[in-house]
Amino acid sequence: MSSLKNIIQDVKGELGSISRRSFDVRFGLRSRSQRIVQDNSHVAVAVDALGQSYWANMPPELLREVLTRIDASGETWPTRQNVVACAGVCRSWRKMMKDIVRTPEISTKLTFPISLKQPGPRNSLVQCYIKRNRSNHTYYLYLNSNQVSNVDGKFLLAARKFRRPTCTEFIVTLNSVDIAKEGSTYVGKLRSNFLGTKFTIYDTQLPKSGATVVKSRSIRLINIKHVYPKIPAAYYPIAHISYELNGLGSRAPRKMHCIMDTIPASSLEIGGVAPTQTELIVSCPDTSPSTSFFRSKSTHVDNFQPGPLSEPKDEMLVLKNKDPTWHPQRQCWCLNFHGRVTVASVKNFQLVADPDHDNIILQFGKVDRDLYTMDYRYPISAFQAFAVCLTSFDTKIARE
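With the numbering used here as the guide, the letters of the sequence shown map in order to residues 1 to 400.
Each hint should be verified, as a subset may be incorrect.
What the hints assert, rightly or not - Label pairs and their in silico Cβ distance ranges:
no. : residue 1 : residue 2 : range
1   : P78       : D354      : 31 to 41 Å
2   : L62       : P355      : 49 to 59 Å
3   : I281      : D354      : 29 to 39 Å
4   : T68       : S184      : 47 to 57 Å
Said to hold, decoys possible - SDA-like mimics (lysine to any residue), calculated; alpha carbons at most 25 Å apart, straight line:
no. : residue 1 : residue 2
5   : K255      : H338
6   : K161      : F393
7   : K366      : G339
8   : K95       : I106
No wet-lab data here; the hints were simulated from the structure.
Remember, it's a predicted structure, so these values are computed and weren't measured experimentally.
Think of the CB as a built atom: it goes at the ideal place given N, C-alpha and C, for glycine as much as any other residue.
Model the full structure from these sequences, guided by the hints.
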C-alpha cells in the first residue's frame, strides 16, 4: 500500500509542473500564437520526460489504480487539473482516464471541455458565475471554486456580442482571449431576432438524438449517420427562447419560455435519459447564411410567432420561469435564490419544468454591477445554461 502511495505521489510530482499549462491550453487561456510557440515545446518536453520514465510502461491494472486514485483525490479545481494532465500524457493514458472519469451527471464534476456540453448532476446545482465586460461586450463564465465568494473561479466559457443589421449574435468559445468562430475552441452561438424577443441557440455538433439542421432558409430533420464530419459551424439549432411581459409590471421578472429541442420531456421522469455528447468535433468556419429561426418554415419556429406563446410540440422539454411573489415590506417582486442573488433585477430568473415547480433547473441573478450567478443542473449542460442566460443581457423587454 505504501509503495502505491509513493507511485501516486511521484506521478503527481511529474505531472504537477505541466498540469496548469496543459489545462490552460485546452481552454484557450492564451493567444493563438503563444499556444503554438510555447505549448508544443512544453508538451514535447513533458511527454519525453514521462516517456523516459517507467510510468509510460506501467501494467494496465496498476495504471488504472493510480489514475483512479488521482481522479478521486481531485474533487475540485485547481487539484482537478492533475486529471487533465494525466489525460494529456499519451494515447493509452488518455483512453484510460476517459474511461475512469464520469460525466457531470454522475460525478457532479466538470473535468474536460466536453463536460460543458454534457448534462449537469441530477441531485445538485453546479454553481457558476458570469462576469460582464461592458467595454468590449464580452461575457465570461466561471465555475465557483469558493462557496463563499464569486472570485478566483475556474474559467469555462466566453461569449462576445456582435450587432448585425437584422439580429444580434453571441459567439461562444472555450477561449477567453480569441473569441471567434474559427478554430477548435468555438462551441456554438446564440442569435436573436430583430426585436430582441426571440432567440435560438446553435450547437456546433449534432446532438446524439438528431436535430433540425439549418440549410439556406429551410429546416429539415436529418439522421446523424448521414452527416459529414466537417460541417459548417453552429449549424444545429438546439433550443429556442422567447420573452414576454408578464403583466406584473416592468420591475418584475420577464416571462420566459424555453423549448429545448434536443432534450425530451421524458428525461425528467424516473429512468429518463438526456442526450449526452461524448466528443468535441472541430468545425469549419460558419458558412451558413444569416437566417433567423423566426423566418423559417419549420414547425419548431412556428411556435414563436408574435402574440401569446403557443404550445410547443409534444415530447420536447419546456422550461418556464418561476413566478415571483410580492414582498410587501420591500415593495418588490421576489424569488428565493437561497443567498445566491443579492441585487434586485428584471434579469433575475429561475427556470422550472411542469409540473415540478420546486425543482430549479437553471437560476440566474445579479450580485453586483457586472457580476451574476448562474446555477444549473440536469438535464441541461453548462453551454446551454450559459446561452440561455446570455439572452437576458440582450432582450429588450422591460430593460433596466
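Going down the list of hints, with the structure as the test:
no. : hint                       : verdict
1   : P78 with D354: 31 to 41 Å  : 40 Å, holds
2   : L62 with P355: 49 to 59 Å  : 51 Å, holds
3   : I281 with D354: 29 to 39 Å : 34 Å, holds
4   : T68 with S184: 47 to 57 Å  : 29 Å, violated
5   : K255 with H338             : 21 Å, holds
6   : K161 with F393             : 10 Å, holds
7   : K366 with G339             : 11 Å, holds
8   : K95 with I106              : 19 Å, holds
The structure fails to meet hint 4 from the earlier list, while all remaining hints are met.
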